[in-house]
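These protein sequences, in sequence, are chains A and B.
Position one of the first sequence corresponds to residue 1 (the numbering used here), numbered consecutively onward.
Position one of the second sequence corresponds to residue 1 (the numbering used here), numbered consecutively onward.
Bear in mind the hints are in silico, worked out from the structure with no lab data behind them.
Beta carbons: idealized from backbone N, C-alpha and C, even for Gly.
Among these hints, one or two may not hold up.
Covered by chain A, according to a simulated footprint, are these stretches of chain B (three or more residues, beta-carbon under 8 Å) [stated by the list, open to error]:
#1 20–30
#2 33–45
#3 52–64
#4 69–76
One-letter residues, chain by chain:
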Amino acid sequence: MRVLLPLSVAVPLVAAALLLAAPQSWVRRGFDAFAVAAAGSVMVICSVLLAGSTREPMVYWFGGWLPEGGVALGLVLVAEPIALALATLAAFLVTASLVYSWHFFDTTGNLFHVLMLVFLGAMIGFCLTGDFFSLFVFFELMSVAAFSLAGYKVEEEGSLQGALNFAVINSIGAFLVLSGIALVYGRTGALNLAQIGESLAGAPVDGLVITAFVFLIAGYFVKAAVVPFHFWLPDTYAAAPTPVCVLFAGIFNVLGLYAIARTYWTMFDGVLGAELVNLRTIMVGAGAVTAILGALMCWPQRHIKRLLGFSTVSHVGMFLIGLGLFSPVAFAGTIVYLMTDGLVRGSLFLCAGILLHRLRSVDELGCDGLGRSIPFTGILFLLGGLGLAGLPPFGTFVGRALIGEEAARLGFPWVTYLMVAVSVLTAAPVLRAGARVFWGFGPGADYNHRSEAEGDEEEPETTEAHETTPPLMWVTAAALLGVSLVAGLVPDLPVRLVPAAELFLDRGAYADLVLRGVTPHKLPLPPGAPLLEGAVTGVIAALAAVVAAAIGLWHAKLPASIRDSITRSLGPAFGGVRALHSGHVGDYVAWLTVGVAVLGGLLAATLG
Amino acid sequence: MSYLPFAVAAWLFAVGLYGIVTSRHLIHLVICLSVLQSSTYVLLLAIGYRTGASAPIFVEIPPGAPVVDPVVQALTLTNSVVAATVSALLLALAVQVHKKAGTFDPDELDILHG
Chain A
1 MRVLLPLSVA VPLVAAALLL AAPQSWVRRG FDAFAVAAAG SVMVICSVLL AGSTREPMVY
61 WFGGWLPEGG VALGLVLVAE PIALALATLA AFLVTASLVY SWHFFDTTGN LFHVLMLVFL
121 GAMIGFCLTG DFFSLFVFFE LMSVAAFSLA GYKVEEEGSL QGALNFAVIN SIGAFLVLSG
181 IALVYGRTGA LNLAQIGESL AGAPVDGLVI TAFVFLIAGY FVKAAVVPFH FWLPDTYAAA
241 PTPVCVLFAG IFNVLGLYAI ARTYWTMFDG VLGAELVNLR TIMVGAGAVT AILGALMCWP
301 QRHIKRLLGF STVSHVGMFL IGLGLFSPVA FAGTIVYLMT DGLVRGSLFL CAGILLHRLR
361 SVDELGCDGL GRSIPFTGIL FLLGGLGLAG LPPFGTFVGR ALIGEEAARL GFPWVTYLMV
421 AVSVLTAAPV LRAGARVFWG FGPGADYNHR SEAEGDEEEP ETTEAHETTP PLMWVTAAAL
481 LGVSLVAGLV PDLPVRLVPA AELFLDRGAY ADLVLRGVTP HKLPLPPGAP LLEGAVTGVI
541 AALAAVVAAA IGLWHAKLPA SIRDSITRSL GPAFGGVRAL HSGHVGDYVA WLTVGVAVLG
601 GLLAATLG
Chain B
1 MSYLPFAVAA WLFAVGLYGI VTSRHLIHLV ICLSVLQSST YVLLLAIGYR TGASAPIFVE
61 IPPGAPVVDP VVQALTLTNS VVAATVSALL LALAVQVHKK AGTFDPDELD ILHG
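With the rest of the complex left out, here is chain A (with noise of 0.2 Å):
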């Protein structure tokens, strides 16, 4: 079992490298085929692994350098519950978009294969490993992996931009982080995570420790999407291969977040522990900002996979804000939330791709009505967006239900509410864009109101318009969507998922597991929490966003006063921060500029 371990980050490298030396002269199916047993593969051993590792956590020491006297020099990987499940998405995510893009691309060769082989082995390796300066190597892997991935289309303007802004402010997250990294380092001597932890416990906060912390916090940022720090996550999204944004959406952003918990709970806990009440209102707070903005910035679009790149961004907000509660209920809540809801959204994305590949056109207004002939993908993507809304059964609505309980618990009631709110914003768009396309409700396209961004600036990745759509395409985009909704069929599946977060918050039991072999022992399962009320809360939410879409589609109906005084009150608003996402690489690392100053403002006045 343990020997797994190494093998769920080396299967995708070498798989990578072997289709790499593989001769062009390979059939494109050739390459399809192997990335795909690939991938599928690592899924099954990340499966395994996180079976095994509910039953007994287990590490890994590579060439064999084991700690002595909690000193760690070699470098590890860890086996906990919480890591393997998303390692397990990853795989999923990956597996799930080389199948898609089967069909998708026209194009031969086996650059993207090998590039989503890299990345997926660059994901698990960051979610598994126990090292600060191997997380730092695989985040920058990832991320490399994902620039190539976002710019894949080279003939494609928008695509190249979108990439240019990802990468430059990508990488200046990921130098924060290795300042962070560096600055820890200099005050521990250590790299482990759990060495680290034991030497920073007890040690007086000073300036050091807090500007380690805020590197490391803002670098995190960058990746996950958090307000101000989000500015390059729509423009790479409207732009990259649809398979790719899949996982963008699914499993990248969310690392960013898993980054975060995993550098507090193994590391700075021992240290901000006491300041933690502070640190939960910065978190919260930071959170709802990001849920907001991204959910007013989501209804005003047309073009889809903008759109879906706007609500990412609000969702992650209340991501944010599970994490940010620090106790364990919220964090599984976190858990359950982030998972579902990523295959929700890489359902939608995938049916957008469906859209593309038909109709060259991702754009709401120029698609009026010309999904009419693939109602199919039309049911999925409405489906899709009531999930967004946190219909039951989705597994997100046991998600919110779990963060905002917990919230209320612990002085944030508004929490519940302000959730609701963003998912009916950031599902009635979608919604609203489904009938529009698929169904051609609403008024026709009124084209002397033409926003910016459209989606029909965007090259199709196959060459014409299809007449047919391949049943592989939609049988992904409904495996993804299945699975979200099975997911929140499982029974108490937050309370089995609670005493993994412990074990995950435990900064002890990680160390002990880690630096001394000692196997955390089981926690017992809590009592199940009724989740009725959070059914009751998914039910109406779902109504408000159809609600809410209806308005959306049939606004020219309303009386006029009522129009205007909305255009007049909000219009400015609207205007103002949508001209804030300028597209402009410049404007962005001046924005992160601010975010970093504003954090550190932030952490220095409340930890310091």
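Using the hints provided, position chain B relative to the given structure of chain A.
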């Protein structure tokens, strides 16, 4: 141990950022990113530096003699490999952008907004 290297690292970070924010040319922007990254080299090496210590090559020095920290040097080396990858990729993207858009000026690249 003086604070000078840390001040240099902070300075490099700041000028790199300033250069990126105000850049009017994508190639210039990529170079500014490299300048910014070089601040991490300085920071890492400064952290491992010990006054009067020699390089961590244990062939010609007596056992127990002070040496500078080899770990941060290994980290710097890894970091510079990462930097080369990122720069190469960014330069390739910049050239491709120029081919398609006919300009290197970020101010004129504005098809992604709103």
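The hints, checked one at a time:
1. 20–30: holds (count 6)
2. 33–45: holds (count 7)
3. 52–64: violated (count 0)
4. 69–76: With 3 residues close enough to chain A, the hint holds.
The structure shown violates just one earlier hint, number 3.
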